Each structure stands twice: as structure tokens, then as C-alpha cells.
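Chemist: Its first residue numbered 2, the sequence shown is counted upward by one per residue in my numbering.
There may be inaccurate statements among the hints.
[As the list claims (entries may be wrong)] Cβ-Cβ distance ranges computed for the label pairs, FRET-style:
{"hint": "1", "residue 1": "Ala116", "residue 2": "Gln69", "range": "43 to 53 Å"}
{"hint": "2", "residue 1": "Gln95", "residue 2": "Asp119", "range": "36 to 46 Å"}
{"hint": "3", "residue 1": "Ala112", "residue 2": "Arg52", "range": "39 to 49 Å"}
{"hint": "4", "residue 1": "Ala125", "residue 2": "Pro43", "range": "48 to 58 Å"}
{"hint": "5", "residue 1": "Asn33", "residue 2": "Lys57", "range": "19 to 29 Å"}
{"hint": "6", "residue 1": "Asp110", "residue 2": "Arg59", "range": "43 to 53 Å"}
{"hint": "7", "residue 1": "Glu111", "residue 2": "Arg73", "range": "34 to 44 Å"}
{"hint": "8", "residue 1": "Asp119", "residue 2": "Ile54", "range": "55 to 65 Å"}
{"hint": "9", "residue 1": "Lys76", "residue 2": "Ala112", "range": "21 to 31 Å"}
{"hint": "10", "residue 1": "Ala125", "residue 2": "Glu72", "range": "31 to 41 Å"}
{"hint": "11", "residue 1": "Asn40", "residue 2": "Ala124", "range": "54 to 64 Å"}
{"hint": "12", "residue 1": "Asn42", "residue 2": "Thr93", "range": "25 to 35 Å"}
[Stated by the list, open to error] Computed list of lysine to aspartate or glutamate pairs in EDC-like fashion (alpha-carbon distance at most 20 Å, straight line):
{"hint": "13", "residue 1": "Lys5", "residue 2": "Glu36"}
{"hint": "14", "residue 1": "Lys5", "residue 2": "Glu58"}
{"hint": "15", "residue 1": "Lys76", "residue 2": "Glu91"}
{"hint": "16", "residue 1": "Lys121", "residue 2": "Glu111"}
{"hint": "17", "residue 1": "Lys14", "residue 2": "Asp25"}
{"hint": "18", "residue 1": "Lys50", "residue 2": "Glu91"}
{"hint": "19", "residue 1": "Lys5", "residue 2": "Glu80"}
{"hint": "20", "residue 1": "Lys92", "residue 2": "Glu51"}
{"hint": "21", "residue 1": "Lys115", "residue 2": "Glu104"}
{"hint": "22", "residue 1": "Lys37", "residue 2": "Glu61"}
{"hint": "23", "residue 1": "Lys37", "residue 2": "Glu26"}
{"hint": "24", "residue 1": "Lys76", "residue 2": "Glu61"}
{"hint": "25", "residue 1": "Lys5", "residue 2": "Asp25"}
{"hint": "26", "residue 1": "Lys107", "residue 2": "Glu117"}
{"hint": "27", "residue 1": "Lys37", "residue 2": "Glu51"}
{"hint": "28", "residue 1": "Lys57", "residue 2": "Glu72"}
{"hint": "29", "residue 1": "Lys99", "residue 2": "Glu111"}
{"hint": "30", "residue 1": "Lys99", "residue 2": "Asp110"}
{"hint": "31", "residue 1": "Lys57", "residue 2": "Glu91"}
{"hint": "32", "residue 1": "Lys37", "residue 2": "Glu58"}
{"hint": "33", "residue 1": "Lys101", "residue 2": "Glu111"}
{"hint": "34", "residue 1": "Lys76", "residue 2": "Asp110"}
{"hint": "35", "residue 1": "Lys65", "residue 2": "Glu36"}
{"hint": "36", "residue 1": "Lys107", "residue 2": "Asp119"}
{"hint": "37", "residue 1": "Lys76", "residue 2": "Glu26"}
{"hint": "38", "residue 1": "Lys65", "residue 2": "Asp25"}
{"hint": "39", "residue 1": "Lys5", "residue 2": "Glu61"}
{"hint": "40", "residue 1": "Lys76", "residue 2": "Glu58"}
Simulated from the structure, these hints should not be mistaken for laboratory data.
None of these values were measured; they are calculated from a predicted model.
All C-beta atoms in this analysis are idealised placements derived from N, C-alpha and C, irrespective of residue type, glycine included.
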Amino acid sequence: MATKIRLARGGTKKRPFYRIVIADERAPRDGNFIEKVGNFNPMLPKDHKERLIFSKERIEYWLKVGAQPTERVQKFLSEHGLVEASKITEKTKQHLPKAKAQERMKQKDEAAIKAEEDAKAAAAAPAVEEPAAEPEATPEAEAAPVAPAEEEKVE
Numbered sequence: 002m003a004t005k006i007r008l009a010r011g012g013t014k015k016r017p018f019y020r021i022v023i024a025d026e027r028a029p030r031d032g033n034f035i036e037k038v039g040n041f042n043p044m045l046p047k048d049h050k051e052r053l054i055f056s057k058e059r060i061e062y063w064l065k066v067g068a069q070p071t072e073r074v075q076k077f078l079s080e081h082g083l084v085e086a087s088k089i090t091e092k093t094k095q096h097l098p099k100a101k102a103q104e105r106m107k108q109k110d111e112a113a114i115k116a117e118e119d120a121k122a123a124a125a126a127p128a129v130e131e132p133a134a135e136p137e138a139t140p141e142a143e144a145a146p147v148a149p150a151e152e153e154k155v156e
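Could you build all of it, start to finish, from the sequences and the hints given here?
Modeler: Here's what the structure looks like:
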């Protein structure tokens with residue numbers, strides 16, 4: 002008999018409450034189960050301590066016996082370090098942008114990379130050229146030529 006660790010729904014309409022149960026994989030979702038090992042209340046906040054309650058010892062026992070957790074239960078158990086997190090893969094390509102949008106995104110990425118390279122090159126080049134460039138002008142030298150030019154314009 003193959004067993005699953007899964008959620009059995011309870012509660013009223015639009016007010017779900019789940020029991021974490023060990024059940025035969027052929028049994029209906031809310032039907033017969035072998036053992037109840039915990040509760041999950043999605044109506045509570047995520048940081049609430051009573052949102053997920055389960056018996057660690059019983060779950061470890063059933064995992065050793067060969068019970069397979071469902072994806073949702075496996076996620077809960079992986080958060081508590083009992084099993085490895087499952088790798089959820091995308092099964093369709095509908096979530097991806099269409100061909101033209103992908104081309105535009107690729108062009109934007111290439112332009113951004115080119116801009117970064119240009120900025121790095123521009124930042125590196127002036128640093129080498131600045132010491133050999135014009136000598137520094139003192140504030141007195143700048144002020145002296147400006148003053149006579151202003152006087153000439155006034156006359």
C-alpha cells in the first residue's frame with residue numbers, strides 16, 4: 002500500500018482549514034486516512050505559531066516507512082528541515098514573453114552592457130590623462146585677467 006502525507010480540507014466555504022494526514026494514495030482527498038499528524042490553518046498570518054502544527058516524530062517515522070509527501074506538504078517540511086525542498090519546474094512556456102518582446106529585452110541588455118563598458122573606459126581614460134593635462138590655475142591668476150576685461154567693457 003502506497004501512502005502519502007497530504008492535506009485533507011476541512012472548514013466552511015471560503016474559510017479553509019487543513020489536516021495533515023497519512024493516507025492511502027487511492028483514498029479521496031477528504032476521505033479515509035490512516036493517521037492525523039498535524040494541522041494547517043492558512044487563515045492565520047504567516048508568522049503566527051499556530052498556522053502550521055505537526056508531530057515531527059510521527060512524520061519522521063512515516064517518511065522512514067516510505068510515505069511520500071505532496072508538493073505542498075514537502076514545502077512545509079523542508080522549511081522545518083525534515084526533507085529537501087522540491088524543485089518546482091515550469092511546465093509551460095506561457096509565462097515567457099513573446100518573440101518580439103524577447104528581442105527587445107535582448108537589445109536593452111546589450112545596450113546596457115555597452116553603456117557600462119563605455120562608462121568604465123571613460124572613467125579609466127581621464128584618470129591617466131589628467132596628470133599630463135593643463136597645469137593647475139591658481140585663484141589669483143584667474144581673478145587678475147578677468148578684472149581688467151570687465152573695466153574695459155564699462156568704459
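Chemist: List in ascending order the numbers of the hints, as given earlier, that are violated by the structure.
Modeler: Violated hints: 9, 10, 17, 18, 20, 31 and 34; rest satisfied.
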